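Using the sequences plus the hints, can you model the full thing?
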Amino acid sequence: MADRAQPIGAGPGIGAAAIVAALILGSLAAVALRAEPGTGLGPADWQAVRFTLMQAALSAAISVALAVPVARALARRRFAGRSALITLLGAPFILPVIVAVLGLLTVFGRAGWVSQALGAAGLEPLRIYGLHGVVLAHVFFNLPLATRLILQGWQEIPAERFRLAAHLGADAGAIWRLLEAPMLARSVPAALAVVFAICLTSFAVALTLGGGPRATTVELAIYQAFRFDFDLGRAALLACIQIALTVLAAGLALRAAPGGGFGAGLDRPLRRWDAQSGLLRAQDGAAITLAALFLLLPLAAIAVNGLAGVTSLPASVFRAAGTSIVIAAASTATLLVLAVPMAASIAMARRTGWIELAGLLGLAVSPLVIGTGLFIVVYPFADPFALALPVTALVNAISALPFALRILVPRARAVLGDFGRLGLSLNMGGLPFRRLVLLPRMRPQIGFAAGLGAALSMGDLGVIALFADPEVATLPLQIYRLMGAYRMEAAAGAALLLLALSMLAFWIFDRGGRWHAEV
Numbered sequence: 041m042a043d044r045a046q047p048i049g050a051g052p053g054i055g056a057a058a059i060v061a062a063l064i065l066g067s068l069a070a071v072a073l074r075a076e077p078g079t080g081l082g083p084a085d086w087q088a089v090r091f092t093l094m095q096a097a098l099s100a101a102i103s104v105a106l107a108v109p110v111a112r113a114l115a116r117r118r119f120a121g122r123s124a125l126i127t128l129l130g131a132p133f134i135l136p137v138i139v140a141v142l143g144l145l146t147v148f149g150r151a152g153w154v155s156q157a158l159g160a161a162g163l164e165p166l167r168i169y170g171l172h173g174v175v176l177a178h179v180f181f182n183l184p185l186a187t188r189l190i191l192q193g194w195q196e197i198p199a200e201r202f203r204l205a206a207h208l209g210a211d212a213g214a215i216w217r218l219l220e221a222p223m224l225a226r227s228v229p230a231a232l233a234v235v236f237a238i239c240l241t242s243f244a245v246a247l248t249l250g251g252g253p254r255a256t257t258v259e260l261a262i263y264q265a266f267r268f269d270f271d272l273g274r275a276a277l278l279a280c281i282q283i284a285l286t287v288l289a290a291g292l293a294l295r296a297a298p299g300g301g302f303g304a305g306l307d308r309p310l311r312r313w314d315a316q317s318g319l320l321r322a323q324d325g326a327a328i329t330l331a332a333l334f335l336l337l338p339l340a341a342i343a344v345n346g347l348a349g350v351t352s353l354p355a356s357v358f359r360a361a362g363t364s365i366v367i368a369a370a371s372t373a374t375l376l377v378l379a380v381p382m383a384a385s386i387a388m389a390r391r392t393g394w395i396e397l398a399g400l401l402g403l404a405v406s407p408l409v410i411g412t413g414l415f416i417v418v419y420p421f422a423d424p425f426a427l428a429l430p431v432t433a434l435v436n437a438i439s440a441l442p443f444a445l446r447i448l449v450p451r452a453r454a455v456l457g458d459f460g461r462l463g464l465s466l467n468m469g470g471l472p473f474r475r476l477v478l479l480p481r482m483r484p485q486i487g488f489a490a491g492l493g494a495a496l497s498m499g500d501l502g503v504i505a506l507f508a509d510p511e512v513a514t515l516p517l518q519i520y521r522l523m524g525a526y527r528m529e530a531a532a533g534a535a536l537l538l539l540a541l542s543m544l545a546f547w548i549f550d551r552g553g554r555w556h557a558e559v
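In this text, residue positions in the sequence shown follow my numbering: the first is 41, and each later residue adds one.
Worth flagging that the hints you see were computed from the coordinates, not collected in a lab.
Owing to the predicted nature of the structure, the values given are computational and were not obtained by experimental measurement.
Incorrect hints may have been included.
DEER-style ranges, computed between Cβ atoms [to be verified]: (1) 351 x 554: 32 to 40 Å; (2) 126 x 218: 20 to 28 Å; (3) 170 x 394: 18 to 26 Å; (4) 419 x 83: 51 to 59 Å; (5) 271 x 377: 32 to 40 Å; (6) 117 x 425: 47 to 55 Å; (7) 358 x 547: 17 to 25 Å; (8) 124 x 271: 48 to 56 Å; (9) 373 x 105: 20 to 28 Å.
Cβ coordinates follow ideal geometry from the N, Cα and C atoms, glycine included.
Here you go:
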């Protein structure tokens with residue numbers, strides 16, 4: 041399809057990609073020009089760099105180490121609810137960070153459920169703030185992702201390889217040595233690099249569970265230089281370091297991507313015979329049970345505590361909820377305006393690689409860095425704080441764009457491959473083809489991408505923390521303020537409200553896209 045005539049042009053996609061590239065690269069240029077290398081960084085800034093690298097490395101190592109036995113158990117066991125559990129592994133991705141933090145505090149905090157059990161046994165309570173809490177939260181978010189990545193490696197081993205091993209009389213140890221260990225040697229480095237890159241740019245976790253000179257990440261240091269000291273030069277220099285770390289991590293992730301696999305199979309179902317002993321069954325059952333409890337207990341804590349506080353929420357929470365809904369709606373509309381034409385242009389596969397690269401820039405550059413650049417650009421001409429809401433919506437859309445393209449591009453390629461020649465033979469091109477053929481057949485994917493973007497925007501605690509003044513707050517920011525004022529019951533109720541709104545936004549768009557959609 042690379043050199044084939046297409047019924048639609050690449051113009052809208054090129055325009056959208058140019059806007060995205062100009063926005064991100066312009067922000068980066070503003071940050072780089074504002075940075076003052078001659079001033080250097082203080083000891084606290086270099087401590088932030090060291091802490092960022094240490095917590096990201098620990099989070100990645102622990103997440104992947106725990107994911108291997110969970111993925112192995114899921115790969116060789118079949119049980120009622122298995123599909124639902126695998127689906128649940130994707131839930132933390134759209135779970136608002138501030139909601140998860142409150143749930144983790146309820147379970148693992150100094151006065152949490154686990155600490156109470158330890159106290160009853162005469163042991164010291166857990167310490168969740170600082171490095172411990174940051175790593176715990178990152179493992180909560182990234183254990184499911186690492187499990188999905190490694191489970192995919194297990195599922196890519198053809199069933200015929202296991203059947204051949206069974207024919208040769210291989211036991212569980214031989215299966216591990218000949219099939220599973222070589223697969224992990226390819227899959228684990230990629231999973232480590234991806235989780236490491238994600239943890240480098242985590243802001244909300246460090247803001248809520250880190251802090252202090254010894255537990256400050258680079259992103260949190262940018263926020264502190266910006267909000268507390270209003271030192272734009274230092275914030276810009278830290279942002280340059282953040283960009284360098286992110287690019288390095290992204291390069292490692294791409295370099296560690298698994299290469300050749302075990303070859304193709306016939307996709308036949310397989311019942312694993314090599315793990316039927318009672319000991320192995322108990323090991324797999326324990327891995328699955330502990331992982332499920334680790335994911336479900338914080339969510340249950342939010343429901344239990346939130347129900348007690350939701351009836352006495354202050355009016356400021358509902359105003360913040362309305363602000364979050366407006367920002368999520370604006371962000372979702374912006375996301376679709378950019379993502380749909382870009383996906384169509386990428387699907388045409390005619391020298392459009394730079395369009396895909398522009399869409400992926402939002403994954404390589406931290407939203408906080410983009411927000412800092414936009415502030416520097418806007419500051420000489422207007423009051424950036426007055427533009428807090430539109431800037432937040434715009435940056436949220438840019439941040440969700442890479443995920444939206446991953447959802448939309450495969451379907452756009454399929455539609456153009458199936459109906460492109462027919463559209464040309466009927467002299468149907470441009471807007472008619474988009475309206476009558478392309479968009480109706482992409483509705484489920486568009487709805488899913490919109491739901492994902494809305495949920496991510498609803499729960500974001502990033503750019504708004506830079507720009508907001510005391511009179512303006514989104515729901516995540518308002519929850520953070522309630523936590524800072526030690527109003528934990530109201531914060532729990534607001535967290536339950538945020539969780540409900542995020543899931544509702546995702547469901548409305550996803551369900552709306554699939555409603556009577558053509559497939």
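Comparing the hints with the structure gives:
Checked against the given bound of 32 to 40 Å, the beta carbons of residue 351 and residue 554, roughly 34 Å apart, stay inside it. In this structure the supplied range 20 to 28 Å holds for residue 126 paired with residue 218, their Cβ-Cβ distance being about 26 Å. The hint said 18 to 26 Å for the Cβ distance between residue 170 and residue 394, and at roughly 43 Å that hint is violated. Taking the beta carbon of each, residue 419 and residue 83 are about 28 Å apart, not inside 51 to 59 Å as hinted.
For residue 271 paired with residue 377, a C-beta distance near 36 Å keeps the hint of 32 to 40 Å intact. Roughly 54 Å separates the CB atoms of residue 117 and residue 425, a value that falls within the hinted 47 to 55 Å. A beta carbon spacing of about 21 Å between residue 358 and residue 547 agrees with the range 17 to 25 Å that was offered as a hint. Checked against the hint of 48 to 56 Å, the pair residue 124 and residue 271 passes, with Cβ atoms roughly 49 Å apart.
At roughly 41 Å, the beta carbons of residue 373 and residue 105 sit outside the given window of 20 to 28 Å.
Comparing the model with each earlier hint shows violations of hints 3, 4, 9; every other hint is respected.
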